[in-house]
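S.K.: Single-letter residue listing:
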Amino acid sequence: MLKTTRHLAFAGLMLAPIAATATPLTMEIGYIGEIVDAGPVLSNIIPEPEDAGLQGARLAITDSNTTGRFLKHHYQLHEVQSSDSQALREEALALYQQGVRAFVLNTSATTLAGLREALPLDALLINAGSRSDKLRTEQCLPELLHTIPSRAMLADALAQWLMMRRWNRWMLVRSNTEEDSAFAAAINRAAHRFGGRIVEEKAWSFDTDLRRTAQKELPPFTTGEEYDVVIVADERGDVGEFLPYNTGLPRPVVGTQGMMPVGWHKMIEAWGAAQLHSRFEQQAERWMNEKDYASWAAVRTIAEAVTRTNATDKPTLQNYILSDQFELAAFKGRKLNFRNWSGQLRQPIALVHPRALVSSSPQEGFLHPKTDLDTLGFDAPESRCQVAE
Amino acid sequence: MKFRALAPSLIAAALTVSSYAQAGLAYISNEKDDTLSVLDLNTWQVIDTIDVGERPRGIILSKDGSKLYICASDSDTVQVMDLATRKIIANLPSGADPEQFSLHPDDRKLYISNEDDALVTVVDTQTHEVLAQIEVGVEPEGMAVSPDGKWAVNTSETTNMLHWIDTETHELVDNTLVDQRPRHVEFREDGQLLWASSEIGGTVSVVDVPSRQIIKKLNFEIKGIHPDKIQPVGVKLSADGKYAFVALGPANHVAVVDTKSYEVVDYLLVGRRVWHMEFTPDNQYLLTTNGISGDVSVINVADLKVERSIKVGRYPWGVVTTP
Chain A
1372 MLKTTRHLAF
1382 AGLMLAPIAA
1392 TATPLTMEIG
1402 YIGEIVDAGP
1412 VLSNIIPEPE
1422 DAGLQGARLA
1432 ITDSNTTGRF
1442 LKHHYQLHEV
1452 QSSDSQALRE
1462 EALALYQQGV
1472 RAFVLNTSAT
1482 TLAGLREALP
1492 LDALLINAGS
1502 RSDKLRTEQC
1512 LPELLHTIPS
1522 RAMLADALAQ
1532 WLMMRRWNRW
1542 MLVRSNTEED
1552 SAFAAAINRA
1562 AHRFGGRIVE
1572 EKAWSFDTDL
1582 RRTAQKELPP
1592 FTTGEEYDVV
1602 IVADERGDVG
1612 EFLPYNTGLP
1622 RPVVGTQGMM
1632 PVGWHKMIEA
1642 WGAAQLHSRF
1652 EQQAERWMNE
1662 KDYASWAAVR
1672 TIAEAVTRTN
1682 ATDKPTLQNY
1692 ILSDQFELAA
1702 FKGRKLNFRN
1712 WSGQLRQPIA
1722 LVHPRALVSS
1732 SPQEGFLHPK
1742 TDLDTLGFDA
1752 PESRCQVAE
Chain B
1452 MKFRALAPSL
1462 IAAALTVSSY
1472 AQAGLAYISN
1482 EKDDTLSVLD
1492 LNTWQVIDTI
1502 DVGERPRGII
1512 LSKDGSKLYI
1522 CASDSDTVQV
1532 MDLATRKIIA
1542 NLPSGADPEQ
1552 FSLHPDDRKL
1562 YISNEDDALV
1572 TVVDTQTHEV
1582 LAQIEVGVEP
1592 EGMAVSPDGK
1602 WAVNTSETTN
1612 MLHWIDTETH
1622 ELVDNTLVDQ
1632 RPRHVEFRED
1642 GQLLWASSEI
1652 GGTVSVVDVP
1662 SRQIIKKLNF
1672 EIKGIHPDKI
1682 QPVGVKLSAD
1692 GKYAFVALGP
1702 ANHVAVVDTK
1712 SYEVVDYLLV
1722 GRRVWHMEFT
1732 PDNQYLLTTN
1742 GISGDVSVIN
1752 VADLKVERSI
1762 KVGRYPWGVV
1772 TTP
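Keeping their order, the protein sequence lines are chains A and B.
Position one of the first sequence corresponds to residue 1372 (the working numbering), numbered consecutively onward.
Position one of the second sequence corresponds to residue 1452 (the working numbering), numbered consecutively onward.
Chain B with its partners taken away, still in its complex shape (with noise of 0.2 Å):
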């Protein structure tokens, strides 16, 4: 009897445990429900949530695409998930705070912003050693680590400021002053230029690397939405380089901007409170975090439409996606 009683559930186990290493998934973190959920990109299903620690904001894969960074802000860690089992396997000592972050191309330097602290925070993914911590201005925000690894970029959303941070020395060696309240920065495949939002300001501002002087500022404007409520968050920019999609805020739209032209080619809608988007692995699809609506949008790339939304935990704010 006993034996009977346990077989379907070691199946299912099995099923389960193999099935992570299958292709396609998202996965999104809930801001307001400290877990992950994870999107089948071939069903569209949710298949799992997982407990992660409070307040999970910024997520980030490994080079290899096997472990999940994850700031949990308000347990202070920036805790590492093995994908294959789903479980936490160390908490990286972050500083106070984290909530976004970048990977350096060589796989173990990780810049943290601790947004309380107007530090960035240099952790080893490998050792778990704090390497760094470089002060930069009020409220740090977004980060990005150029694709040649030379610079680390953090913007800080009270000092409006894009701080250049040099990755061999860890110090700051430069600052851009944006619009207000800049978000999130991108750097393009080629590491020449480099795209800032300014949420409240409305604005997203496109850097010229070598010189980090600002070469264009893009406005937005919808029809029927107070210009208020237009808050460049996130920034995509697509593979084969022809689109920058911004993400807008409470105006509940991401923009599709021509990345030769800068011109706004739609405005697509999507969820409410649109902040954080990835493409899919094979580049066919943006899915889109909506904190209020609490769901995913799914943008079809090639042709500009919004094809589905899927309900996800209370106030997604980051997605990454596996092959």
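Just chain A, with the same shape it has in the complex (with noise of 0.2 Å):
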């Protein structure tokens, strides 16, 4: 039998009564949605949907005035989406000027720096839309939250993965946005880290329609050094769709398409995910992503606090937020929380196929002297930001 140490501790602290003498007292929080136009691609694929994200606050707002009915707290989400920037901008000053303190950005990260510096710094601002590496080690928005995982984290939990298994060849197609660029970087940097060996790096530019030509054009293409596995980076699936089954060597697809790491996805269905999912697709009549996640565990991350303070001021749920006590349960088989360097939540990551999850990063005996949820994405040496002390 496994011997343990035996230990148990009082919190004391945390005892204090509460709910029974609840003053009431209405949250009201923005969602600022930007509908981005991804651009020309050659084949028809399926597109994100326009309320990718805002379905997720919807539901946080549901679920967090469930709760709120027993302490008196209610919750009210203003919704404001557009394609237009600047309109974003004015209408979020709006509405600060009407007294609302607490935002959640679905944006691109240049509109999210637009947005910060609009907003004054009483104005609590949790990123649930931008990927950006940049904005959590260098550009460093003042006192910014983040839930969605940074590319960072994605790819470390993939290369985590990979050297898991043993598959510590890559080839990295990469495809010709910005954002490809950064997943590929982020590849680069995950290969550094934990062992992996880039054999050959490609830049997909073929100006073809690949529906018709892909077993033409990908198997030489991916022709070349040997290789484990084939890493895509094509966040808006120009290439990145046909690659799987067209590769020049039978080895299999992981990255953007194939087997990729996400934030959230249908195939997480354990910790009671499934429930979650259920009352998802009742409300928003289809699955729910990972720019829903991220905006369900920002109003849920708001309203969390606002239960164990029994305040809607930002100070006191910024700090609270980014306090040891600030738990959140999240469907992902334990508790999250923030960073306090670069504001972002800490999470596990999932690695799935259209129709299954595959596994969930961390993996196992990768381990950091803090929590192993710090394998993942850039630690606080690596960051140039403070959110908290």
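Think of the hints as simulated: they come from the structure by calculation, not from any bench.
All values derive from a computational prediction rather than experimental measurement.
Fair warning: there could be bad hints in the mix.
Label pairs and their calculated CB-CB ranges [what the hints assert, rightly or not]:
| id | chain 1 | residue 1 | chain 2 | residue 2 | range |
| --- | --- | --- | --- | --- | --- |
| 1 | B | S1662 | A | Q1469 | 37 to 45 Å |
| 2 | A | H1445 | B | P1661 | 38 to 46 Å |
| 3 | B | S1712 | A | V1407 | 34 to 42 Å |
Once the Cα atoms are required to be at most 27 Å apart in a straight line, the calculated BS3-like pairs of lysine-lysine come out as [what the hints assert, rightly or not]:
| id | chain 1 | residue 1 | chain 2 | residue 2 |
| --- | --- | --- | --- | --- |
| 4 | A | K1637 | B | K1693 |
| 5 | A | K1443 | B | K1601 |
| 6 | B | K1667 | B | K1711 |
| 7 | B | K1762 | B | K1518 |
| 8 | B | K1518 | B | K1483 |
| 9 | B | K1756 | B | K1693 |
| 10 | B | K1518 | B | K1538 |
| 11 | B | K1693 | B | K1674 |
| 12 | B | K1762 | B | K1680 |
| 13 | B | K1680 | A | K1741 |
| 14 | B | K1601 | B | K1514 |
| 15 | B | K1680 | B | K1601 |
| 16 | B | K1762 | A | K1443 |
| 17 | B | K1693 | A | K1741 |
| 18 | B | K1483 | A | K1637 |
No residue lacks a Cβ here, since even glycine has one placed at the ideal position from N, Cα and C.
Grab the two chains, each in its own frame, and use the hints to assemble them into the complex.
M.R.: In structure tokens, the structure reads:
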């Protein structure tokens, strides 16, 4: 039998009486969603729903109001969606002037920077749309939190799994947007961190319709040095959707297509996730995706802080969110909290293919002095940001 | 010829039927097999596997032990099984997705958590009528009725509360906020204390029932196991009042807590992902359901040793025992 230490502590400080005497309050949250035109793709891929993100925020409001009912807490969502960055800024500012002090932002990194500039610091801002690593390492927008995983977190989650499988020779295929270069950079960084070897990196720029020519074009394109997997960096799905089964060598495809590292997916069903999916599908009449989950987690983060502090002002909420007491149960099998350097929500990353969950990272054996979740993404010494002490 | 061929099977059938009434059985619900395993507590053998509704989770006995109530979650019903014949004799209108439930001491009112609908449904087990539906928090899960029958307490996993329902008026009269994802509640025999586990919070709250306030919060720590993997679910209090047993989920251990000092006396290694537990009728053993390893561990309560494990179906969830 395993010998274990015997230890038990009382958390005496956390026993403050709550609930019965709570004062009624209303928490207003602004949802700012940018409808991003991904640009033309050569093939008719399945587009992301325009309300990706928004539906997650709505569900979290419903969830939080069910909870709030017992505490006389009410949550209200102000929804703004537009493809015009300037309009979003004006609308957000108008909400601020009406008294809204918490915002969930599902926008590009550029729009996000504009919003941070426009909104005073007594507004709590959570990024639920941009995976940019720059935001979390160099750009460091003041006091910004993030619930959506960064590209580095996704790449690290994938790399750990590949190393666990001992598939360490990678061919990297990159499409031609800025985002694809950013994901390719994250893969390069992950290779360096975990010991993967990129045998070749190729940029795809053919201007053909791959539905007709994938079988002809892709095998020679992915022929060359021996590799264990093809990693594809193609967030829009211009070439990536066609890579599986069309590689030069009979090898799996992973990355933005094939087996994907994701913050959320329909195939995550353990730890009560099945219940979250069923509530979401009833509301939105579609599956819940990573953007929905990030906005859901952002609203739930705010609501959890309101529930525990009985406050609605930004300093109280943000202090609580970044404290040791904060914990979010978010259907990922463990409690989640925020990094006090980048303001990033720590979270396991699922590895899925379209019809099943393959694994979840961090993989066993990847250790960190504080928490194994910090083996994913940029750690404190690698980031210039500092949202809290 | 025909007679000779028939005779042994008739005898076998007769034997099987009579054995149903014999001493010492455990019933285990297998969530991903849609079956119950029947375990003989003398021989520690699985002697029968019974098909039931879809995704059976919570199971509970009628007060006289003659009937078994089964939450068939994906069939959206509570099934009633006659244990003498092992046949389903009724389907109760449980509301959608029943997961856990608790039977009032009056042996009639059944309090059922409807996980998808944020409701507690109260059903009369004799008339099969729905007596009330009470709105609770998001994802209701744990359910317990106090020994005096006054309180029905429900836990809601995403709202993170204990909801106190007055069983006379069927109104929700108070809420106690606890740590993340409360899973299970268990009253002490005298009804004065309530133990509540928080799976993701990693804690167990001990609640004073008259004031409905938390008086102690327990944390657990096992060397070599990441704190996030210590996820308390099932709680059972020993008949002599000495110990509380806390099933720690993916930590694969059961914590033994001294109920006076609130200190952990031992951590017992059991099967993988341990969730729910039940004592044998003589209180000599505690059985645990281990979801991932698909087995039941048998803990000797007197010397706190795990004596054996018995393979059952896929994802065993609930367990009850009969004399």
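S.K.: For each hint, tell me whether it holds in the structure or not.
M.R.: Here is how each hint holds up against the structure:
1. Range check, S1662 (chain B) to Q1469 (chain A): Cβ separation about 41 Å, and the 37 to 45 Å hint holds.
2. Taken as a hint, the range 38 to 46 Å is violated for the pair H1445 (chain A) and P1661 (chain B), whose Cβ atoms sit roughly 30 Å apart.
3. A hinted range of 34 to 42 Å for the beta carbons of S1712 (chain B) and V1407 (chain A) is inconsistent with their spacing of about 59 Å.
4. Taking the CA atoms of K1637 (chain A) and K1693 (chain B), the gap is about 45 Å. The hint is violated against a cut of 27 Å.
5. Using a Cα cut-off of 27 Å, the hinted pair K1443 (chain A) and K1601 (chain B) holds, with the two alpha carbons roughly 25 Å apart.
6. Between K1667 (chain B) and K1711 (chain B) the CA atoms are separated by roughly 11 Å; this keeps the pair inside 27 Å, and the hint holds.
7. Of the pairs offered as hints, the one joining K1762 (chain B) and K1518 (chain B) holds, with about 25 Å between alpha carbons and a cut-off of 27 Å not exceeded.
8. For a cut-off of 27 Å, the pair hint linking K1518 (chain B) to K1483 (chain B) stands: about 23 Å separates their Cα positions.
9. With a C-alpha separation of about 16 Å, the suggested pair K1756 (chain B) and K1693 (chain B) falls inside the 27 Å cut-off, and the hint holds.
10. Proximity of K1518 (chain B) to K1538 (chain B) is assessed by CA-CA distance (about 10 Å); at most 27 Å being required, the pair is judged to hold.
11. Between K1693 (chain B) and K1674 (chain B) the alpha-carbon distance is near 25 Å, which keeps this suggested pair within the 27 Å criterion.
12. For the hint linking K1762 (chain B) to K1680 (chain B), the alpha-carbon distance of about 24 Å falls within 27 Å, and the restraint holds.
13. With a CA separation close to 15 Å, the supplied pair K1680 (chain B) and K1741 (chain A) stays within the 27 Å bound.
14. At roughly 17 Å between alpha-carbon atoms, K1601 (chain B) and K1514 (chain B) fall within 27 Å of each other, so this suggested pair holds.
15. Taken as a hint, the K1680 (chain B) and K1601 (chain B) pair is broken in the structure, with Cα atoms around 35 Å apart against an allowance of 27 Å.
16. The hinted pair formed by K1762 (chain B) and K1443 (chain A) fails the criterion: a straight-line CA distance of about 48 Å is larger than 27 Å.
17. Note on K1693 (chain B) and K1741 (chain A): the hinted pairing is violated, with a Cα-Cα distance of about 36 Å set against a maximum of 27 Å.
18. With a C-alpha separation of about 19 Å, the suggested pairing of K1483 (chain B) with K1637 (chain A) holds against the 27 Å cut-off.
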